[in-house]
Amino acid sequence: MNKRTLTILSISLLFFVGIGILVVGKRKATATPLYDITIKEWPSFEMIYEVTTIDKTYTAKLTYKDSLHWRVDFLTDSTVPEAVGTWAEYDGKEIRSLDPFTGEITVNREMPSDGVYIPNEWLWPAYIPNRLIKSKGEIINESNGIATLTFTEYLSCDQDIHDYLQQEGQKPCTVGVDRVEVTVVKYRTDYDIPLSIVETIDGEEVRRITVTELTILD
Amino acid sequence: MLILGIVLILLLAVVQIASATTTPQVCDDDVKYWCSKVTYNSQSGSWLITDRYYKGGIDGGADWWQYYWIKDMHKINGNWAVAETWSYGPTHTNILLSSWYSVGADRLRVYMSMVQYKFGYYECSMGGECGYWCSATSQHQLWNNVSAKFSDGICTG
Numbered sequence: 001m002n003k004r005t006l007t008i009l010s011i012s013l014l015f016f017v018g019i020g021i022l023v024v025g026k027r028k029a030t031a032t033p034l035y036d037i038t039i040k041e042w043p044s045f046e047m048i049y050e051v052t053t054i055d056k057t058y059t060a061k062l063t064y065k066d067s068l069h070w071r072v073d074f075l076t077d078s079t080v081p082e083a084v085g086t087w088a089e090y091d092g093k094e095i096r097s098l099d100p101f102t103g104e105i106t107v108n109r110e111m112p113s114d115g116v117y118i119p120n121e122w123l124w125p126a127y128i129p130n131r132l133i134k135s136k137g138e139i140i141n142e143s144n145g146i147a148t149l150t151f152t153e154y155l156s157c158d159q160d161i162h163d164y165l166q167q168e169g170q171k172p173c174t175v176g177v178d179r180v181e182v183t184v185v186k187y188r189t190d191y192d193i194p195l196s197i198v199e200t201i202d203g204e205e206v207r208r209i210t211v212t213e214l215t216i217l218d
Numbered sequence: 001m002l003i004l005g006i007v008l009i010l011l012l013a014v015v016q017i018a019s020a021t022t023t024p025q026v027c028d029d030d031v032k033y034w035c036s037k038v039t040y041n042s043q044s045g046s047w048l049i050t051d052r053y054y055k056g057g058i059d060g061g062a063d064w065w066q067y068y069w070i071k072d073m074h075k076i077n078g079n080w081a082v083a084e085t086w087s088y089g090p091t092h093t094n095i096l097l098s099s100w101y102s103v104g105a106d107r108l109r110v111y112m113s114m115v116q117y118k119f120g121y122y123e124c125s126m127g128g129e130c131g132y133w134c135s136a137t138s139q140h141q142l143w144n145n146v147s148a149k150f151s152d153g154i155c156t157g
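Those protein sequences? They're chains A and B, same order as listed. So in this note's numbering, spot 185 of the first sequence is number 185, and the numbers just go up one at a time. So in this note's numbering, spot 109 of the second sequence is number 109, and the numbers just go up one at a time.
I should point out that these hints are in silico values taken from the structure, not numbers from a laboratory. From the three backbone atoms N, C-alpha and C, an ideal C-beta is built for every residue, glycine too. Incorrect hints may have been included.
[What the hints assert, rightly or not] Listed below are the simulated DSS-like cross-link pairs for lysine-lysine, each with C-alpha atoms no more than 25 Å apart in a straight line:
{"no.": "1", "chain 1": "A", "residue 1": "Lys56", "chain 2": "B", "residue 2": "Lys55"}
{"no.": "2", "chain 1": "A", "residue 1": "Lys56", "chain 2": "A", "residue 2": "Lys136"}
{"no.": "3", "chain 1": "A", "residue 1": "Lys93", "chain 2": "A", "residue 2": "Lys65"}
{"no.": "4", "chain 1": "A", "residue 1": "Lys186", "chain 2": "A", "residue 2": "Lys56"}
{"no.": "5", "chain 1": "A", "residue 1": "Lys40", "chain 2": "A", "residue 2": "Lys65"}
{"no.": "6", "chain 1": "B", "residue 1": "Lys75", "chain 2": "A", "residue 2": "Lys134"}
{"no.": "7", "chain 1": "A", "residue 1": "Lys136", "chain 2": "A", "residue 2": "Lys186"}
{"no.": "8", "chain 1": "A", "residue 1": "Lys186", "chain 2": "A", "residue 2": "Lys134"}
{"no.": "9", "chain 1": "B", "residue 1": "Lys55", "chain 2": "A", "residue 2": "Lys171"}
[Claimed, not checked] To give an idea of the chain A side of the interface with chain B (calculated C-beta under 7 Å), a few residues:
{"no.": "10", "residue": "Thr53"}
{"no.": "11", "residue": "Thr102"}
{"no.": "12", "residue": "Ile161"}
Pulled out of the complex, with its shape left as it was, chain A reads as follows:
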């Protein structure tokens, strides 16, 4: 291998290394989040929340010690009276719950995958960061320790969904045309704990979650 070949090889190597650094750098730059996505550890708290949908209302109490220790009690239910008094508690290993029909306590030990059981989709510390990043949410207001986040999803409409909405007395969607769901979440910025969630589809409210009591215990 002569000197000229070595020089060409060295220049080529430097060129490709340089291109590689540029590409990786650009990827990192585009992945930079617009918002702080740090997942905040939730403190111990007690929360009573009310969920109102088109056809029912129920209330529940969440007693949250940490991500591995929590309990939910269902306090009221407007359509299934047997559900009142149902509870479930998690100790990091298993969920014990009262079956409202058999009256038996059941134990679920098996986690289907790595991770932890959470009380609901919106009741875990990653909910707000995930909606900001994964759902491309926007913070539209922030003052006095309360922020408002909104995000939009496009939901399908087929004949089954059309018929179901009609069966439920709701405005049926147009088959083949996506429904537009807008979710507005108010939350405490110190811990990213949601305080209210309102979901509307094509302008009509379908679900409202309201935290009626929140007591931080830590």
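Assemble the complex: chain A is given as a structure, and chain B must be docked to it using the hints.
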């Protein structure tokens, strides 16, 4: 005689087909995540469950979903009991609430019977923490063909 027998058998088959019933469908509040329904035939005071249907989808929330359990329940001597359970269905990542899936096999159940469903959802954060939550329990009562849902969010047994 043979013809009469064939006619009777055909009549019975027609009656069976005619009595096939599907419960009202139940879906999550947004009709975004899941739906369920049950098909059954009434047979002189009992019910032949032929299909336990479910379908689902995800959009902006879970990374994947599955049925967590599906239970046939019946009331014996005034007490509810679980007749049979199917747990941890296959995982799905489809976005559309597209095709119906059927679970279990044909089962003859007593008069006061119902089928309950619970679906499980799995989501990870950007930081790598992952959470698993469940749908409301959807319930399809066969004796009066009424469907309902309750206990949203918790992965109860």
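### Query
Under the criterion that the straight-line Cα-Cα distance not exceed 25 Å, is the pair lysine 56(A), lysine 136(A) satisfied?
At roughly 30 Å apart (the allowed maximum being 25 Å), lysine 136(A) and lysine 56(A) break the hint.
### Query
Is lysine 186(A) close enough to lysine 134(A), meaning Cα to Cα at most 25 Å?
holds (18 Å)
### Query
Given isoleucine 161(A) as an interface hint, is the shortest Cβ-Cβ distance to chain B below 7 Å?
With a minimum Cβ separation of about 5 Å from chain B (threshold 7 Å), the hint on isoleucine 161(A) holds.
### 25 Å Cα cutoff - pair lysine 93(A), lysine 65(A)
Between lysine 93(A) and lysine 65(A) the Cα gap is close to 15 Å, so the pair holds against 25 Å.
### Query
Holds or violated: are the alpha carbons of lysine 136(A) and lysine 186(A) at most 25 Å from each other?
holds (16 Å)
### Task
Would you check the hint for lysine 75(B) and lysine 134(A), treating anything up to 25 Å between C-alpha atoms as holding?
Violated, at about 45 Å.
### Message
With the threshold set at 25 Å, check whether the alpha-carbon distance from lysine 40(A) to lysine 65(A) stays at or below it.
### Response
Holds, at roughly 14 Å.
### Hinted pair lysine 56(A) and lysine 55(B), Cα distance within 25 Å
OK: lysine 56(A) and lysine 55(B) at ~22 Å, within 25 Å.
### Query
Is it true that the CA of lysine 55(B) sits at most 25 Å from the CA of lysine 171(A)?
holds (21 Å)
### Task
Please verify that hint: threonine 53(A), Cβ, nearest Cβ of chain B, below 7 Å or not.
Threonine 53(A) check passes; min Cβ-Cβ to chain B is 5 Å, inside 7 Å.
### Query
Holds or violated: threonine 102(A) as interface residue toward chain B, Cβ cutoff 7 Å?
Holds, about 5 Å.
#### Entry: Pair hint outcome, lysine 186(A) versus lysine 56(A) [Cα-Cα no greater than 25 Å]
Holds - the C-alpha atoms of lysine 56(A) and lysine 186(A) are around 22 Å apart, at most 25 Å.
Hints 2 and 6, counting from the list given before, are not met by this structure.
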